[in-house]
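Novice: Can you build the whole structure from these sequences, using the hints too?
Each chain is listed here by its residues.
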Amino acid sequence: MSSEFVRGLTCRLCGKQYPKEALNFCTEDFGPLEVEYDYEAIGRALSREAIERRPRTMWRYKELLPIDGEPTVGLQVGCTPLIKAKRLAEALGIRELYIKNDAVNHPTLSFKDRVVAVALSKAVELGFDTVGCASTGNLAGSVAANASAAGLKAYVLIPDNLEQGKVLGATIYGAKVVAIKGNYDHVNRLCSQIAFRFGWGFVNVNLRPFYAEGSKSMGFEIAEDLGWRTPDHVVAPMAGGSLIGKIYKAFKELEGLGFVDPVKTRMFGAQAAGCNPITNTVKTDAKRVKPIRDPQTIAKSLAIGDPADGFFASKLMRETGGWGEDVDDDAIVDAMKLLAETEGVWAETAGGVTLAVTRKLIEQGKIDRDGSTVICITGNGLKTQEAIIDRIPLPPVIAPNLAEFEALVGASAPAESELTPVGA
Amino acid sequence: MAKVSIPTPLRPSADGQASLEGAGTTVGEVLADVGRQYPDLHKRLFAGEGQLHQYVNVFVNDEDIRFMDELDTPVKESDEIGIIPAIAGG
Numbered sequence: 001m002s003s004e005f006v007r008g009l010t011c012r013l014c015g016k017q018y019p020k021e022a023l024n025f026c027t028e029d030f031g032p033l034e035v036e037y038d039y040e041a042i043g044r045a046l047s048r049e050a051i052e053r054r055p056r057t058m059w060r061y062k063e064l065l066p067i068d069g070e071p072t073v074g075l076q077v078g079c080t081p082l083i084k085a086k087r088l089a090e091a092l093g094i095r096e097l098y099i100k101n102d103a104v105n106h107p108t109l110s111f112k113d114r115v116v117a118v119a120l121s122k123a124v125e126l127g128f129d130t131v132g133c134a135s136t137g138n139l140a141g142s143v144a145a146n147a148s149a150a151g152l153k154a155y156v157l158i159p160d161n162l163e164q165g166k167v168l169g170a171t172i173y174g175a176k177v178v179a180i181k182g183n184y185d186h187v188n189r190l191c192s193q194i195a196f197r198f199g200w201g202f203v204n205v206n207l208r209p210f211y212a213e214g215s216k217s218m219g220f221e222i223a224e225d226l227g228w229r230t231p232d233h234v235v236a237p238m239a240g241g242s243l244i245g246k247i248y249k250a251f252k253e254l255e256g257l258g259f260v261d262p263v264k265t266r267m268f269g270a271q272a273a274g275c276n277p278i279t280n281t282v283k284t285d286a287k288r289v290k291p292i293r294d295p296q297t298i299a300k301s302l303a304i305g306d307p308a309d310g311f312f313a314s315k316l317m318r319e320t321g322g323w324g325e326d327v328d329d330d331a332i333v334d335a336m337k338l339l340a341e342t343e344g345v346w347a348e349t350a351g352g353v354t355l356a357v358t359r360k361l362i363e364q365g366k367i368d369r370d371g372s373t374v375i376c377i378t379g380n381g382l383k384t385q386e387a388i389i390d391r392i393p394l395p396p397v398i399a400p401n402l403a404e405f406e407a408l409v410g411a412s413a414p415a416e417s418e419l420t421p422v423g424a
Numbered sequence: 001m002a003k004v005s006i007p008t009p010l011r012p013s014a015d016g017q018a019s020l021e022g023a024g025t026t027v028g029e030v031l032a033d034v035g036r037q038y039p040d041l042h043k044r045l046f047a048g049e050g051q052l053h054q055y056v057n058v059f060v061n062d063e064d065i066r067f068m069d070e071l072d073t074p075v076k077e078s079d080e081i082g083i084i085p086a087i088a089g090g
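If you read the sequences in order, they're chains F and L. If you use our numbering, the first sequence corresponds to residues 1 to 424, in order. If you use our numbering, the second sequence corresponds to residues 1 to 90, in order.
What the hints contain is simulated information worked out from the structure, not anything from laboratory work. Among the hints, a few may not be true.
[What the hints assert, rightly or not] Across the chosen pairs, the derived CB separations fall in these ranges:
| hint | chain 1 | residue 1 | chain 2 | residue 2 | range |
| --- | --- | --- | --- | --- | --- |
| 1 | L | Gly16 | F | Tyr39 | 49 to 55 Å |
| 2 | L | Ser78 | F | Ala45 | 56 to 62 Å |
| 3 | F | Asp38 | L | Gly16 | 32 to 38 Å |
[Said to hold, decoys possible] The calculated lysine to any residue pairs, modelled on SDA-like cross-linking and capped at a C-alpha distance of 25 Å, are:
| hint | chain 1 | residue 1 | chain 2 | residue 2 |
| --- | --- | --- | --- | --- |
| 4 | F | Lys287 | L | Asp69 |
| 5 | F | Lys290 | L | Tyr38 |
| 6 | F | Lys16 | L | Ala23 |
| 7 | F | Lys287 | L | Pro12 |
| 8 | F | Lys181 | L | Val60 |
| 9 | F | Lys16 | L | Asp62 |
| 10 | F | Lys290 | L | Asp62 |
| 11 | F | Lys287 | L | Ile84 |
| 12 | F | Lys16 | L | Pro12 |
| 13 | F | Lys181 | L | Asp79 |
| 14 | L | Lys43 | F | Gln193 |
| 15 | L | Lys76 | F | Leu190 |
| 16 | L | Lys43 | F | Phe196 |
| 17 | L | Lys43 | F | Cys14 |
| 18 | F | Lys290 | L | Phe59 |
| 19 | F | Lys366 | F | Thr342 |
| 20 | F | Lys16 | L | His42 |
| 21 | L | Lys43 | F | Lys283 |
| 22 | F | Lys16 | L | Ile83 |
| 23 | F | Lys290 | L | Glu80 |
| 24 | F | Lys16 | L | Asp40 |
| 25 | F | Lys290 | L | Gly16 |
| 26 | F | Lys315 | L | Thr26 |
| 27 | F | Lys181 | L | Met68 |
| 28 | F | Lys287 | L | Gln54 |
| 29 | F | Lys315 | L | Gly48 |
| 30 | F | Lys16 | L | Leu10 |
| 31 | F | Lys283 | F | Asp232 |
| 32 | F | Lys290 | L | Glu49 |
| 33 | F | Lys181 | L | His42 |
| 34 | F | Lys290 | L | Thr26 |
| 35 | F | Lys16 | L | Glu80 |
| 36 | L | Lys76 | L | Gly24 |
| 37 | F | Lys290 | L | Asp69 |
| 38 | F | Lys287 | L | Tyr38 |
| 39 | F | Lys16 | L | Tyr38 |
| 40 | L | Lys43 | F | Tyr18 |
Every residue gets a Cβ at the ideal spot worked out from N, C-alpha and C, and that includes glycine.
Specialist: Structure follows, in C-alpha cells:
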C-alpha cells in the first residue's frame, strides 16, 4: 500500500524531487534529501483528539512519519517521560524546566530507538533483508535490538574505542558488530561505500531521510505533554546535528496543522569542547562547517567530527534566536552528577553535555530565566560508566553491626530517645 | 595520471565506469580534467569555478582534503582520489 501522506524525497539544496527510495543524497549536487509530506491530507486525517486516543507510543503521530500504512518495527518505542524538573530548575536559577527523558526509551535506552523504528519499518517496506549502521554506540544497540526482534540481519559498524556498555549492548542481540580502527567519521565513510556495494539498508546512510524523521517524535511528544504548547527554549545535544532540526520541524508541523500556537521556540545546540564543529560554526558565523579531525571527549556519542547536518543545525540556531555552546569534560561530569542528584536521572555523557551547556547559556543570559526550557536527555548513563567511574567515590564498607554504622553516620544519627518504636 | 574512484550513484555520469584517470598535479586539476572528459560529472561535483558542492567530500588516499590544502592538495600519479557523498551518519 502506498502512503497517502508521503509525497517523496526532495533535495534540501536544489529542490530536485525523488520517489520514495533508499537514497540519501541528490545526484545533481550531493545535497541531503528530506521527506516531503502532503500536509493537507494529513490535516484531514489527523486531529489532537485522534492522537490523544491512541496508545502512548511514538506511533500515535504515524501520519507525520514516513511509513506506508502501519509500522512493523519498534512498536513500543517513544512517549518517554517529560519530567517537570523543579529541583534542577532551582539549582540553575530558572523558573520552568523540563527534562525529556529518552534515557528510558524502549528498548535500548536512547532516543535512537525512535529513528531506528522508522528506518527499519521502512527497510521492511522497501524489501531489505539486511540492515546496518555506522554508530557511536546508541544506534548500534538500537539497530541490533530492533533488527533482531524484526528478524532482519544486521551489520553494525563502530569505532574501536567505544564504551564497553555500548559494545556489549550491541553484541548481545546477535548482530554482526564490527569495530573499525578509527573514529566515527572513518566508520561513516566506510558505511557509505558498503551500503552501495552490498545493497543493504543502512539506516543512517541510504535510509537516512526516513531515519532522521523518527527524531520528530521527540518534538511531537514535548509539545503534546506541555498541553499542546511549544517551549520558549529547547536545548539538544548535537552529534551529526540532525536531532535539533527535527525537533523544530515537529513543532512547525504541529503549527501548520493548527495543533499549537505559532512557534517561538529558540533552539540551542550542545557539544563537547573536544568535538565542537557545529558550535564553532554558530559562534564564527561561518558559511561552511569546518570538520574536526580528531575528536577528543568523554562524550563519545557526540564525537562526530564531520557532522552531516551541521550546516542546517547552525542555520537553525541563528534563525530561531538560539545559540550553540560547548563544554569541557569536567563540566560534563559535574552536570551528570547534578542531574542525578537533583532529579534522579542518570544520563550518559551526552546528557552531561546538554545540561552543562544549558547552565552556561543561562549564565550567559542567552536563555531567559523566566522562560520555559526543555532539555533533551538522549541516552542512559548505564552505558557510559567508564566516563565517571574514577570520579565518583566508592561506598564505605563496614561490618554488619550497628556500632560501625553509628560510627559512620556520626552526629547525624538521632538520639535514641527521639526514636519512635516500630509499630507504635 | 592520478586515479579517480567514482561512487556508484555518479557512474551514470561517467559512462558507467568505476574509476577514471585525470591529468594534473593537484586535486583540483585532476578533477577538472575528468570533468572536461565528462561534463555531466563536472556539474555534479562543482558548484562554481574552483568550488566543490558543499556536500561533495574528496579524499586523497583516504585523507580528507579539507585537512590538507583542499583543491590545491598535491597529487602524484600513484595517488587515488576518492569522492564520497557527505550525507550520512548522525
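Novice: If you draw a straight line from the CA of lysine 181/F to the CA of valine 60/L, is it 25 Å or shorter?
Specialist: Roughly 18 Å between the alpha carbons, so the hint for lysine 181/F and valine 60/L holds.
Novice: Given the hinted pair lysine 76/L and leucine 190/F, is their alpha-carbon gap at most 25 Å?
Specialist: holds, 24 Å
Novice: Would you mind confirming whether the straight-line C-alpha gap from lysine 76/L to glycine 24/L stays at or under 25 Å?
Specialist: holds, 9 Å
Novice: Compare the distance between the alpha carbons of lysine 16/F and leucine 10/L with 25 Å, and conclude whether the hinted pair is satisfied.
Specialist: Measuring from Cα to Cα gives roughly 16 Å; hence the hint holds.
Novice: Decide if the proposed pair is consistent with the structure: lysine 16/F and histidine 42/L, CA atoms, cutoff 25 Å inclusive.
Specialist: Holds - the C-alpha atoms of histidine 42/L and lysine 16/F are around 18 Å apart, at most 25 Å.
Novice: Going straight from one Cα to the other, do lysine 315/F and threonine 26/L come out at no more than 25 Å?
Specialist: violated, 32 Å
Novice: Lysine 43/L and tyrosine 18/F were given as a pair; does the straight-line alpha-carbon distance stay at or below 25 Å?
Specialist: holds, 19 Å
Novice: Take a quick look at whether lysine 315/F and glycine 48/L sit within 25 Å of each other, Cα to Cα.
Specialist: Since the Cα atoms of lysine 315/F and glycine 48/L sit roughly 22 Å apart, the hinted pair holds (cutoff 25 Å).
Novice: Are lysine 287/F and isoleucine 84/L close enough, with their CA atoms no more than 25 Å apart?
Specialist: With Cα atoms ~21 Å apart, lysine 287/F and isoleucine 84/L stay inside 25 Å; holds.
Novice: For the pair supplied as a hint, lysine 43/L and cysteine 14/F, is the alpha-carbon distance within the 25 Å limit?
Specialist: At roughly 13 Å apart (the allowed maximum being 25 Å), cysteine 14/F and lysine 43/L satisfy the hint.
Novice: Holds or violated: lysine 287/F and glutamine 54/L, Cα atoms, limit 25 Å.
Specialist: holds, 10 Å
Novice: Starting from lysine 16/F, check that the Cα of alanine 23/L is at most 25 Å away, please.
Specialist: Violated, because 32 Å separates the two Cα atoms, which is more than 25 Å.
Of the hints listed earlier, those the structure fails to meet are numbers 1, 5, 6, 7, 9, 21, 25, 26, 33, 35, 38, in rising order.
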